[in-house]
Structure formats: structure tokens, C-alpha cells
Amino acid sequence: MGASFGRGGATNYVQDLANSDCIVIQGSNMAEAHPVAFQYVVEAKRRGATVIHVDPRFSRTSALAHRHVGIRAGSDIVFLGAIINAILSKDLHFEEYVRAYTNGPVILREDFQDVDELDGVFSGYDPETASYDNDTWMYADIGDGTEESQASKQERAAGDEHGSGGPTLPSAHRVRRDESMQDPRCVFQVLKRHYARYTPEVVEQTCGISREDFDYVVQAMTRNSGRERTTAFCYAVGWTQHSVGAQYIRTACIIQLLLGNVGRPGGGVMALRGHASIQGSTDIPTLFNLLPGYLPMPKAGVHESLKDYLGTISTHDQKGFWTKADTYTVSLLKAWWGEAATADNDWCYDYLPRLTGDHGTYRTTMDMIDGKVEGYFLLGQNPAVASAHGRLQRDGLANLKWLVVRDLRLIESATFWHDSPEIESGERSPETIGTEVFFFPAASHVEKAGTFTQTQRMLQWREQAVLPPGDAQSELDFFHEVGVRLRRRLAGSTDQRDRPLLDLTWDYPVDEHGEVDGEAVLMEINGRYLTGDKAGQPLPLFTEMQADGSTEGGCWIYTGVFKDGVNQANRRKPRFDQDETALEWGWCWPANRRILYNRASADPEGRPWSERKKHLWWDAEAGRWAGPDVPDFPADRDPAYRPPEGATGPAAIAGDDPFIMQADGKGWLFAPKGLLDGPLPSHYEPQEGRVRNPFYSQQASPTRKVYERPDNLTAPSRGRPPEDEVAREHPGVYPFVFTTYRLTEHHTAGGMSRWLPYLAELQPEMFCEVSPELAAERGLEHLGWATLVSPRSAIETRVLVTSRMKPLTVDGRTFHQIGLPYHWATGGTGAVVSGDSANDLMGVTLDPNVLIQESKVGACDIRPGRRPRGPELLELVDSYRRRSGVTEETGNELRSGVDADHVEQERETKVKERDDSGADVKGASEVGHDDKNGDR
Amino acid sequence: MTNPAQQETREGLWPDEPRDRGPRKARRGSGVFGVRRFAGNGRGEESMVPEAEFTSYYGRPIVKPAPWSDEIPAYLFVGGLAAGSSLLAAGADLADLPGLRRQSRWTALGSIGLATYFLVADLGRPERFLNMLRMVKLTSPMSVGSWILAGYGPLAGVAAVAELAGPVEEVLPQTLKPAARLLGRAGRPAGLGAAFFAPPLAAYTAVLLGNTATPAWHSAYKELPMVFAGSAAAAAAGAAMIAAPHEQAWPAGRLAVGGALWELGSAQVMEHSMGLSAELLHEGEAGRWWTASKALTLGGAALSLVAGRRGKPAAAVAGAALLAGSVCTRFAIFRAGIASAKDPKYTVVPQRARLDRGERTLG
Amino acid sequence: MPNSLFGPLDPAPDAGWQDAPDRKGFLTDTSVCIGCKACEVACKEWNQLPEDGLDLLGSSFDNSKSLGASTWRQVKFIEQPGRADDTVLGRQPVDLGMPGLRPNDASLPGALDAAPAADGKPDFRWLMSSDVCKHCTHAGCLDVCPTGSLFRTEFGTVVVQDEICNGCGYCVAACPFGVIERRPGSKGEVTNAGVAQKCTLCYDRIGAGQTPACAQACPTESIQFGDVTELRERGRARVATLHEQGYTSARMYGDDPRDGVGGTGAMFLLLDEPEVYGLPPDPVVTTKDLADIFRKGGVGGLTLLVGVALSFLGGRR
Ligand SMILES: Nc1nc2c(c(=O)[nH]1)N[C@H]1C(S)=C(S)[C@@H](COP(=O)(O)OP(=O)(O)OC[C@H]3O[C@@H](n4cnc5c(=O)[nH]c(N)nc54)[C@H](O)[C@@H]3O)O[C@H]1N2
Ligand SMILES: Nc1nc2c(c(=O)[nH]1)N[C@H]1C(S)=C(S)[C@@H](COP(=O)(O)OP(=O)(O)OC[C@H]3O[C@@H](n4cnc5c(=O)[nH]c(N)nc54)[C@H](O)[C@@H]3O)O[C@H]1N2
Ligand code: SF4
Ligand code: SF4
Ligand code: SF4
Ligand code: SF4
Ligand code: SF4
Ligand SMILES: [Mo]
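So the sequence lines, in the order shown, correspond to chains Z, P and X. Taking the working numbering, the leading residue of the first sequence gets 1, the next gets one more, and so forth. Taking the working numbering, the leading residue of the second sequence gets 1001, the next gets one more, and so forth. Taking the working numbering, the leading residue of the third sequence gets 2001, the next gets one more, and so forth.
Quick caveat, the hints were computed from the structure, so don't treat them as lab data. Hints may be right or wrong, so weigh each one.
[Claimed, not checked] Here are the simulated DSS-like cross-link-like pairs (lysine-lysine), alpha carbons at most 30 Å apart as the crow flies:
id: 1; chain 1: Z; residue 1: 614; chain 2: Z; residue 2: 573
id: 2; chain 1: Z; residue 1: 563; chain 2: Z; residue 2: 573
id: 3; chain 1: X; residue 1: 2187; chain 2: P; residue 2: 1342
id: 4; chain 1: X; residue 1: 2187; chain 2: P; residue 2: 1294
id: 5; chain 1: Z; residue 1: 573; chain 2: Z; residue 2: 324
id: 6; chain 1: Z; residue 1: 534; chain 2: Z; residue 2: 563
id: 7; chain 1: X; residue 1: 2288; chain 2: X; residue 2: 2187
id: 8; chain 1: X; residue 1: 2065; chain 2: Z; residue 2: 806
id: 9; chain 1: Z; residue 1: 401; chain 2: Z; residue 2: 372
id: 10; chain 1: Z; residue 1: 614; chain 2: Z; residue 2: 563
id: 11; chain 1: P; residue 1: 1294; chain 2: P; residue 2: 1312
id: 12; chain 1: P; residue 1: 1342; chain 2: X; residue 2: 2065
Quantities reported herein were computed from a predicted structural model and do not represent experimental measurements.
Start from the sequences, fold in the hints, and give me the full structure.
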């Protein structure tokens, strides 16, 4: 979304969903995973809105929707692309909006080539580095201006940076436009051509969605968009956890821009974020590649000096607020190093560590296995269960010297050394694991004060309800203490490398229990004036930040949360005492705006598009924007304002540029920059897709991140596999697709639910959901046991046979999907319930933009009965691998070759498939896999 | 095992079209005690609701079975035995049959002692037994029963102990002899008092079962007291035929035959009243108890008829059969009730039939 | 103790409460239930109920089996293949008490009309419903309780007094809805073992002017707490709305004071027959027949007396 609109957060607030006329929930099991937010969907429905759920499974969300559209996991871009095509080919878009507020009229460079011309890649693809040089994606007549290669950006998942502002684009306001949007090289026409092949027929063949369902969705969306009506999209990890996840979201953004649903009440794209403060943990990041406020982490060799660094964040020659990145950066450095940060030493810029490559969680795990990492802190995370490829995770942990786990419970990631599946199978034993594990009990959210930043970018302060029990400590307390002790240790050191620690401002007030005062930290994050007559006072807004060291602030987008010295996040004014936008409930970044880009809720002249969807309007008399929300726009900028020649930064924002964080002030239908895998979403199959790509021989994303290792095998593609000999031979060994998800009753890896009897008893056992048809085909019995085998491992689950799982007809054949909740695991001390872990089946393949794993689609086989124990389990997994012939290379070729013979091969494949799927049961029984070995 | 959805489809639980639920012509069965008939008991009655067609939630019960174990049917038996025995004792007292009187009083005391034990033991909180007497509550047959028991128990006790007054008096020192004499004299009033409480004691258990939502019990409420009365009479008579002097046991012989026939006769009527849940008396464990009960009771009664002429051993065998028959009756009724609660069919089908006939229960 | 056994009445005054507040109860609107079980957990949490078994039951997502001593709210799940989607909501705006409610523009045609009609009907329906004690006007459990442990509160609800109940179990057999249950377990280990337990309609909370825990936790307002008379009207209005929209299977359950239990304090808006949800279609309080039951008992007792008398009659022959 950062690349489309300029900020990575949900565009609207969840309560605003009640104002929608149509809500499409796709890629999320909203009712189950976001029940509290879902009340506004229910509310919208009560008011007459149409609710549609597009999901591989019929879930509790579907139960409340007007229509559930069953989709093949991993095919969303085909479906959404076809919606775009339907909109464009029937002229159903919101013409005025598109022309004024998007980059639709912008002319692209002549040498840009689309995927159709290059059999599945855009121009600029470099097969050597499997990345793009995006020069040709640029608007006509402007240059790029950065030196960092896309490959290098990919290493550091630079896509994450657009959480709070779009990518840089020099001279972006001088772009060439064709207001009629007829020029064949304008974005609008390119878009039209790009999606022309996305037809309802392809949707039917590839997604398994009927023409009838498709038309229903298109009509519901288009009829509920326009001046009078708005449609909203809701998504969550059903979209993000794919190797092309970021592009799924982009596709929805394009639809919303075409239909004019962005910046308007009841519209937008609702990213439903996960953990209570997961939004907060990207705003003030726990990610390796970001600094607070989406400033990038400097990279060695690229960002050597502060000047280099700032030059890559934004250029002064562009529109919007990113041009002030220097003020944000310097204020951050001042907040951290206080007095020590001076103009002379570049505000201690050199104290910041430099990235040397990918330090993402999966890379780091592999580095552990490869002996490159000695110690590890695990806080509030349970990778042995929750991260893809459980065995890989545990292998990593088992290869450390020391491990610190801070958690509420003795989770599997802390006890893996004596009770992991590898111990059960006999591959490891406590004696052979050298990792020294230090477990620290953590204080839970009710045992400490602080903020959550949730889905709608809202900070909400939480008081401490009870004191933490025993030795349990809050994170704040723990790290404060670590800092104090380290500094005490180093006190007096003259070693230059200790300066960053010793110079830190580390002087937080503590309360009577010795706890650091969280509000003091929030105050530092908000920022203060350091000089002048306001010295010491909190900054009211990030625009007050200076690059001359006269202000400090720990996270520029949070500036204002302590406006007037009041903890704005702690406001709980009842809705009855304020209007429906409820600006005095908590605090939203930026600047407490509730609907982002809300300038777009009015027409170019500043009049509401309609009375019904009125939100912000230009009050000519007062010379200000009026309405119930905080304008996401310079408050006094006249709609008629046009920046003078040479204007930059905020002054360059024209009166009709609603996307103020974008370099050109417009919503991006086409993203000339900002995405590493293409300027337009294009369909690619998942790593373990079982279907051929209908559009080109490029099967999966050519820029996805693959890890070619013997401990990370991929099932042979079952689609069009000319590149893969093996796949041609044995396409049916892992014939089914499984997808993973959550249940309302449990939380993620289970540390906060499997230990609690009240939750555990509601869903006591790991299960798989299969259709009656698949059950019949494979002899699975309701409530019986099943074993699922992937190239990584085999797990056992109880079976729920349910019509909620429906086989699809894809490419003319019956396509089965298996549903697996991922909350269970074996091991862990004190868990009330346990079971095999879905993530043990998963492999590691990532989206290049944000390094999120593809955990929504995997290939497997399913068979009745329990899995074998001990070495026989390994033998079972191995027998499948042998039969399928996988090697480390399998499925990992990034550029699928173009092969003229593929049609013939495909025919053969289909024949073999039949043979294979009949043969496999025999194959496995050779290793004695049956029920009698199955008792635990 | 099929999945629940399939199962339900198989059972026709989710018909494609909603069933026609329009009120149908009201129709009542006729017969003694206003017998209503329901289809589905497979005994040739007119079918109004096809047996298979009822809906449930995964076949789970709607009403809960009473959480009672075998102590309760045992209690039903000994309670009846006590009641019958006290009446027999009173009769014997008035008819001057001391042997029969003595035996019956002792049987009554022994039974009621056991009954009290069973009752207390089956409570979830036995130590709070006395809370039964916190209040008098007429809507609660169990409360009423507790008071009956509270009235009956001491009287039956005194009556039984009074039987010892004679022998004891002989061995007591002079000074204590008046006390024993007094006890002896208390025997008759106490015995008559116990007899006064005996009929309600025998019947209230039927009232208690009838006043539940347990389908088999509630549907039997009209005749169950008769069945229990007959069973109590037969049991008490049986005990007397075994333990009382043969020559004094002639009233017991008559009572045995009368009680048994009364029990069997009212049971026949009761089965009609019960409608659908009557089938439970013919299948499963309850069915086995019920068959045994009928055989033993009938056999015991037949043997009693000839026992007068055949002497003591035959009478004792007849008595034992009757006692056993009474035990079986109680277990049969008890088990049928529990089974009827466990299967939603017995709750749903009659209620649904009522609605289908347009007879929604209205107040 | 005087007590009316049947027919419409206001139970609290009937039980002797003077100046009783308005009768309190629930309307559980199953058409908006999302099966999140927040109600179930909130109830357990508030009332500190013990864990109730860790079995996977295979009955869709319901692993709680039934209402009972340690499960006072139970969310039921019914999968109906071959049934058109019917679980659709009405159009009237209902204020959820949270920020974000915009004044409704009733003049605009419902967006549903704009959506195309479904030609190929969806063929699957998933019903969810949160069940609870009905707090009957004529409560069988209360009527039969010999100890007076069960009593009628001033709010017209039915509550067990844990310290008085002696675990006779009579109430269990007397409840036409199978709600109340004697808690299993041994005394030392389980609180209130051997004692009958069920929903108290959060007597402690509503007494303090608060909303019951389950209703408070329900995100979609499927569980609405309030005055029974008002809820009854609200429920009926909603049924009417649903009917207007063509969802003719919607109906109220427990709202009729003339029904077999005199109407319930906890009412339900159902989308199918009651028995589909495990509810009795025509529940009747057993004490409706109490007078007759006692009468028949009296006759039974008399026959015994007469029978014994007859056997002595005429002396030995
Ligand atoms: N109760 C509960 N709530 C939670 C959590 C929890 O563990 N328990 N976790 C929290 C966290 S951390 C997160 S991130 C959120 C996640 O919130 P959601 O993303 O809503 O949760 P998931 O269950 O992972 O839902 C993914 C849905 O996407 C579907 N899906 C899978 N693949 C595809 C696909 O290719 N296309 C489409 N259209 N759909 C697909 C799945 O069938 C599933 O229904 O939930 C949060 N809320
Ligand atoms: N197959 C598959 N895998 C997935 C997903 C999927 O959909 N499918 N979803 C992914 C997603 S979106 C997510 S977010 C991850 C979640 O993955 P993780 O974050 O690894 O798993 P959690 O179980 O949420 O771990 C959080 C831990 O934090 C502890 N905790 C709670 N509060 C505190 C606290 O205040 N302090 C400390 N120190 N600890 C605390 C809890 O006890 C718990 O053990 O799983 C991912 N994995
Ligand atoms: S658990 Fe918390 S974050 Fe999740 S739905 Fe409930 S209230 Fe919202
Ligand atoms: S539903 Fe059952 S437990 Fe609840 S009040 Fe009615 S009779 Fe009593
Ligand atoms: S179990 Fe307790 S509450 Fe129930 S009837 Fe007996 S004494 Fe009353
Ligand atoms: S009212 Fe209270 S006791 Fe009853 S179900 Fe709700 S939370 Fe539980
Ligand atoms: S809390 Fe509300 S929505 Fe959730 S299961 Fe209970 S009744 Fe349904
Ligand atoms: Mo997440």
C-alpha cells in the first residue's frame, strides 16, 4: 500500500466499515481473527451493505457474508486482475477521480515492456540476480537518481520502507500527462492492456470461480462505488503470506483507485494487522531493516554518510513530506544520543549499525544452522511453532551457544532441546544440543502500562492492571536494566566502539517498583524542542522538527501523541460525547487523522462527491478544509492552488494532490518505483503451486526469494514444469494443496491459548479440514486420523470432514485444498493441549519486498491413519522425496525456461499424474506406515 | 463413520425443502386416562410422524437424565417395601396376627433404614441431607416426600422396636421394666401412625418421577402411582410370605395376588399413556428388567395362588419372585426414564407431533 | 409456598418480591452470531468455572457438548449443506455504542437491491447460536427444588444458592431444556462439586448495575441484555424485518408468555426449527401437571391402602 498511496497503513479505521455499502473480505478470515473489528461489518450489513467473502474455505466469516466465493489459494491476482479488466473494459471506473487523483494520465517511458511481451517478466529483469533494474518503469522524461541496485534493496527488504511514505521520485511533479488518458503509453492504457488477458474464463479455469460468482462480485463492487457509494476491501495474511503477497494488495489498491474508493468514508483498503501491536512494531520497528517511522536502516557501502543516506530517502526535488526526511532523521538521532549528537559528528549517524545484507528472520535462522550466529534473543515469539519450516527453526536454535527466551510460558522454542519432534524421531537428543537456554518470565500486557498501536494506526494507552507475578518483568524494565548494566560495565571505557552505548540518553525516571515510566518513553518518542523559549516542551506535530539539532523525537510519525503535554493515546472520551469520527478516542498517526488521503473525499474543486459520502470539504470562506476529520492535507491549501515552478516538498503539493506522501501527490495505479517485483501486479503461481500459470511460461514470481538448501526442499511444480525433469516424472506425489489459518479459539503458536484451559477446551486438538469428496477419495474418516506429508516433514491430525471445504474445478480437473490451523505443536511445558504443528510441513520461500514467508500454500499428500514414530517417520518422508525425486534445485529456478515442447509434456504429465496418485499409498506402506505404529 | 452432515442427510434431517409445518387437524387418541398415541413405536399404530424424521443437534439429548445411580431404583424398591410392610403390619396388628405383624414391622424398619441410606448416599452433598427439611415445598414432591419420610421413619422405628418390648422386659431389672412396658404399648399407635404415612410413602416416588421433564416418566405420571402401589403391595406380601409364620401369612398371599395383578394391569394402561417412550420398556436394558419384572410378578402371583395349599417352601419361592419382580419393576422404570432422556427422539417427536397437530401448549 | 404453576405472569412479584425491578433477560439474535465463543469464555472467566473436558467432538466447531454445570453458555454450530444462505441481517441501524456510527440515510435504497439477484443459490449455510439457561417464567428446576436452593431473584431470574443445594439432582431431571446439571468431581478438588450449577444471569453483575459478562463480551451484539418486555418487542421487530427481506425461516423462540413455560427470560431469534439447535420445540414445565400428578399419586396410595385392607377382609377361609 505504501507504493500505491504513500503509506503502509490501513487507509481507514475499522469503525468506518459501518459506512460501507459493500465490503469485500478477501485474504482474511475476519470474523474469526478480528471478531471485534468484524462488528462493524455486521453493522454495515444491518444498514444494508453487501458483504462478500472470497476465501478458499467457508469460514465463520463466510457464514455471515451474503456470498462466499471459493477461490484456489494463490490465485487472487487472477481474480482481482479480472475485476480490473471488467471495470476498464466496461468503463465502470470513476473517471473524474481517476483522472484527478491517480497517475492514470501519466505517460510512461517508451522502452517499458510488459509481461506479455517478455513471457512473464517486466523489462529490466536480470536473470543473474533475479531482480529488476526498474529504470524502464519510470515516468517518461524523468530519471531515476538512485544508485542502489534493486538486488541490494531486495536483500534488505526495502519494500518495508514505504510504511509511512511512498518511494522517491525526482522531478516527479514535472511528469508528462495526457488528461484524456487515451495515449497508448499512459498508465491507464498500459493498465488496460496489462489486464486484458484476465478474463472471466481464465478466472473460472484458474481460480475455480464460476462466472456467476465473478459477475456478482464485479456488480456488487461497481454498483456500490462512485459518488454516492463506497466499497471497502479487507485483507490480512491470506494475502500477505505469499511469494507475491505485496502485489495481491497492490491489485486491490488499483481497484480501489479506479473505483474512487480511497480517502472516502466506507472505502479504502483495510489491512487487518495481527498481533495486538503489530502495526506499532513496524512503526517503531522490530524489523532488521527499519528505523522508527519507516526510515531505512543504513546499508554498508550505500549509506556511508548521513548525506548519502538522506539522498536515498527522498530528493528535495519532489512533492510531499518525505522531503523533510532530514528533520526526522536528525531528531531521531538527537533523541537517542542527546548532547553527544552534534552537527560536527553528523548527529552520531555513524553510531548506527550498517546492514550488510539480508538479516531477516529466515536468513538468520539459516545462518544459525550454518554456524554464523552464536546467541539469540527471543522475545514474544515462538519460531519453533509459528515460523515456516519448524524443523529448520529448531535446527537453528539447536546450533546456538546461548539463547534467551522471554515469554509468558515455557514455550516450545524454549524447551525444544528436550521435547521437540526431532528428539522424538531420535535425530537429536538433549546431550547433543549445546545451546544454553536462559528463560525469563515476561510480564503480560495487563501487568504493564504502555501503548498498543493497532490496525488503524491508533495508539491506545493501557494502564497496568496488576503487578507482574514473581520474577516476571516487562520488556521495558528488562531492556532498561540490560542497558544500565552494560553501561555500568563499560563505564570509563575509552574504546571508541563503546561510545554508542555510553553516549545513549539512558536516564528514564522509575516508579516506586523500580519500573521505568512508560510515559517518559512515549514523551521521548513524541519529541521535544531542545532550544529556544519552548525548550523542553513537547512537539505538537512533525512539521516542527528541525534538522539543526534544535528538536528531538524518537519517531516522527508519532509526533503529536503527547501534544500539549497530554498523553493523547490515553483519551477515552465516550462516543456519545463527540461526533462519529471520535477524534478524541486514542490517537492515530499521522496527526490523529482517521481516514488517510481524505482530501480525496472531495472533488477536485473541494466539494464533497456527494452529500451521503461527505467527509472533508473546502470551506472557501474560512479558507480551510472542514469536516469531522483532521485533514490529511495542508489545512489551508486552496483546491485551486498550483505550485509555482521550482517548488518542492509540502509547498509543491497542488490543491488536488490528495496523496501527500507520494512523490507526485497521486495514487499510483502503476508503481514506477517502490516494488521489487514489478510495477503492476501480475499473476504468478505459488512456489508449490499445483496449477500451471495460464498467462506465460514463467510459473512463479521471478523475483521471489528462494533458499536452495538440502534442508529446504520444494515439491516439484505440478503446473507447467518444462524446466523441471523431475516434476514431469512424478507430478502426483504431493497432489494436494494445504493452506494454514487461525481459529478464533487459539492464538498463533498457542503460547497464549494452548496453556489456558478455557481456550484449549474449545478447540482441543489439531485437525485438518477436508471435503467429503477428498475424504472419500482418500478413505479419510470424520474424527479419524490423517497423516500429511510434505517434502519437509509429515504430521498427523484428526480429520474433520466438512462441506465447508469444497473441491474446485481448476483447469478442468478436481482440485482439493486441505485446511490446517497452525496453533498446535508438541513440546512446551505446561500446555493443556498439544498436537503436531502445521508449520513443520511448510518450506521457506519469501516475498522479495517484505520477506514474508509463503505460508498460505503448500503441497502435500494426505493419507488415513496416524504417522509413524521414531526413525520410521523420517523414512516415510524420505520415501516420498525419493518418489518425487526432489533435489535442492527443484522448484527453485527463478526464470522458468520457455519450452516449445511443453504442450506435449503437459499431456504426458496428466497421464502420469493419474498413475502416481494411485501408486503412492503402496509406496508408503513399504516403510511400515500404518496405524499400529501410531499409538503414542 | 460418516461426517455429521452426511449422517444427518442420511437421516433426512436436513430436507431440501422445509417441511410443511402447517397445523394439521387435531387428533386425539382415545381410551382409558385419555391415551394419546404417537407413531414410531413400531407397534402398528397409525403413523403421524415417521420415525426417522426428527431433527436433533448431533443426536445429543435435549433434556438431561437425572444424575442418579442405582441407589435410586433401589430406594424406590425398599421405600415401597417399607410402605407395604407397614400397612400389612397394621392390618396384622388389628387382625391379631402377631407373627405377621412382627415380621412386617421389622421389614418396614429395615427397608426404611436402607432407603434412607440410599437416599443420602446419592446426594451430591450428603452432609447437607438435612437441608431437605429447610422448608415445606408443595411444588416439590421430593420435599413432600422428605417430610413423609420424616414422619414415617420414627413411627416405623418405634413400632419395630416395640416388638422387642416383651422379650426385653424379661431380662431387664425391675426398675426399668415400666419403660419397656411403655414401649410395648407404644407399638400399636406407632404402627398405625406408620401405616398412615405408608400410602403416601409408596406413591410419592411415582409422583416424584412423574414430575420431571424426563419423557418416559412424565408421560407415565397418570398410572405410575398405581404401578408403584401394586409393586409395593406385592413386595411387602412377598417378604411376609418368606419371613412371616406360614399360618399367619394368609393376608399376604391375597395381597400378593392382588398387588401383582394391579401392578400388571396398570402397567398395561401406562404403556398406552406413555406413547413413544413406552418402546423403551421393550428394548435395551430397561426392556430386560421389564420382561423379568412381568415374568417374576406373574409367576409369583400364580405361585401364591397355589402356595396356600403347597405350604411354606412354595410360599417362600413365590415371595422371593414377587420381591424380585418389584426390584425389576423399579429398575425398568428407572432405566427407561434415563434412556428416554438420553435420546432426543423422545423429547422431540412427541413435542413436534403436538405442534404438527396444532396443539402447541398454551397457558 | 404459594406459587402459580402455569400461564403468563411476571415471576418476580409472583415470588413475593415487592417493588421488583423490570424483569431482566436476554435476546440472543443468532442471525448475527459469528461463533467466536467470546461469550462462553467470558462466562467461564467471570464465574470461575472449571475446565469441562478436552475432547474433539467433531460436531462442527462445537467442542463443548452441552450446557451443564461447568458450561453456562454454549455456542452451537450447525452445518447445513443444501440450504440457501439465510443468515442474513436486517437493515435497521443498531447503535453498537462504539465510535463511527454515521447517521443512517433511510431514503437511500438498500445496497442489497443494487446487488444482483443470486441465480445460482449458495448451497450452504452455517448456523451459530449461543445457548444459555432460559430463566423460565415457570421454571421446572426451581419448582421441584426441595431445599429452596434455587430461588427467583428480584430480576425474575432463577439462581442456585451454592451453599444450600444438597445435590439431590431433582432440578436436573425437571428442566425441560436440559440446562442445569450437578457438577461432577470430588469436593476437595472441584469447587461446588456435587452441587447443581447453571447460569445465574450474572446475578452479581446485574445487581451492581452491570451487563452480564457474556453480553458484554459479544462483539456483534448477538447477545442483548435488557428488560424482557423490551427485548421481546425488539426481537419480534427484527423477525419482521428479516421476513420482509425474504428470510422467512427467522422466528422467535421463548417470546410467548402463553407457551409451556410461560415464556422465557432468555429469548432467541432462530433461523431454523428449535430442535435443529438442540432446543425442545414445545417445552412444557413439568409442574403444569402438578395438581393432576399429585391427584394420581393420591389415588395410587389409596389403592394400596384399600388393597391391604381387602386382603384382611373376611378373615381366614
Ligand atoms: N483468534 C485469533 N485472532 C487472531 C490471531 C490468532 O491467532 N487467533 N492472530 C492475529 C494475527 S498475528 C494475524 S496476522 C491476524 C491474521 O488474520 P487473518 O489473515 O484473517 O487470519 P488467517 O486465519 O491466517 O486467515 C487467512 C485466511 O485466508 C485464507 N487464505 C489462504 N490462502 C488464501 C489465498 O490465497 N487467497 C485468499 N483470498 N485467501 C486465502 C484462509 O483460508 C483464511 O481464511 O489475525 C490476528 N487475530
Ligand atoms: N503456517 C502459518 N504460519 C504462520 C502464520 C500463518 O498464518 N500460517 N502466521 C504468521 C503470523 S501473521 C504471525 S504474527 C506469527 C506469530 O508467530 P509468533 O509471534 O512467533 O507466535 P506467538 O505464539 O504469537 O508468540 C508470541 C509469544 O509471546 C508471548 N508473549 C505474550 N505477551 C508477551 C509479552 O508481553 N512479553 C513477552 N516477552 N512475551 C509475550 C506469548 O506467550 C507467545 O508465546 O506466525 C506466523 N506463522
Ligand atoms: S483479542 Fe483483542 S485484538 Fe483480538 S479481536 Fe479480541 S479485542 Fe481485538
Ligand atoms: S431453563 Fe431449566 S434451568 Fe433454566 S430456569 Fe428454565 S428450568 Fe431452570
Ligand atoms: S440439586 Fe440442589 S438446586 Fe437442584 S433441586 Fe436439588 S437442592 Fe435444589
Ligand atoms: S449471564 Fe453470566 S452466568 Fe449467565 S451465561 Fe452470561 S456470563 Fe454466564
Ligand atoms: S460472543 Fe456473540 S458472536 Fe460470539 S459466539 Fe457468543 S453470541 Fe456469538
Ligand atoms: Mo500476524
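Against the structure, the hints:
Of the supplied pair hints, the one linking residue 614 of chain Z and residue 573 of chain Z holds, its CA atoms being roughly 24 Å apart against a limit of 30 Å. At most 30 Å may separate the alpha-carbon atoms for a hinted pair to count; residue 563 of chain Z and residue 573 of chain Z meet this at roughly 17 Å. For a cut-off of 30 Å, the pair hint linking residue 2187 of chain X to residue 1342 of chain P stands: about 26 Å separates their Cα positions. For the hint pairing residue 2187 of chain X with residue 1294 of chain P, the CA-to-CA distance comes to about 41 Å; that exceeds 30 Å, so the pair is violated.
The hinted pair formed by residue 573 of chain Z and residue 324 of chain Z fails the criterion: a straight-line CA distance of about 33 Å is larger than 30 Å. For the given pair, residue 534 of chain Z sits about 13 Å from residue 563 of chain Z by alpha-carbon distance, which is consistent with the 30 Å threshold. A C-alpha spacing of about 35 Å is found between residue 2288 of chain X and residue 2187 of chain X, which places the hinted pair above 30 Å, so the restraint is violated. Proposed proximity of residue 2065 of chain X and residue 806 of chain Z is supported: the alpha carbons are some 26 Å apart, at most 30 Å.
Between the alpha carbons of residue 401 of chain Z and residue 372 of chain Z the distance comes to roughly 11 Å, so the proposed pair stays at or under 30 Å and holds. Taking the CA atoms of residue 614 of chain Z and residue 563 of chain Z, the gap is about 28 Å. The hint holds against a cut of 30 Å. A threshold of 30 Å between alpha carbons decides the hint, and for residue 1294 of chain P with residue 1312 of chain P the separation of about 23 Å falls inside it, so the pair holds. Taking the CA atoms of residue 1342 of chain P and residue 2065 of chain X, the gap is near 13 Å; set against the 30 Å cutoff, the hint holds.
When the structure is compared with the earlier hints, violations turn up for hints 4, 5, 7 and for no others.
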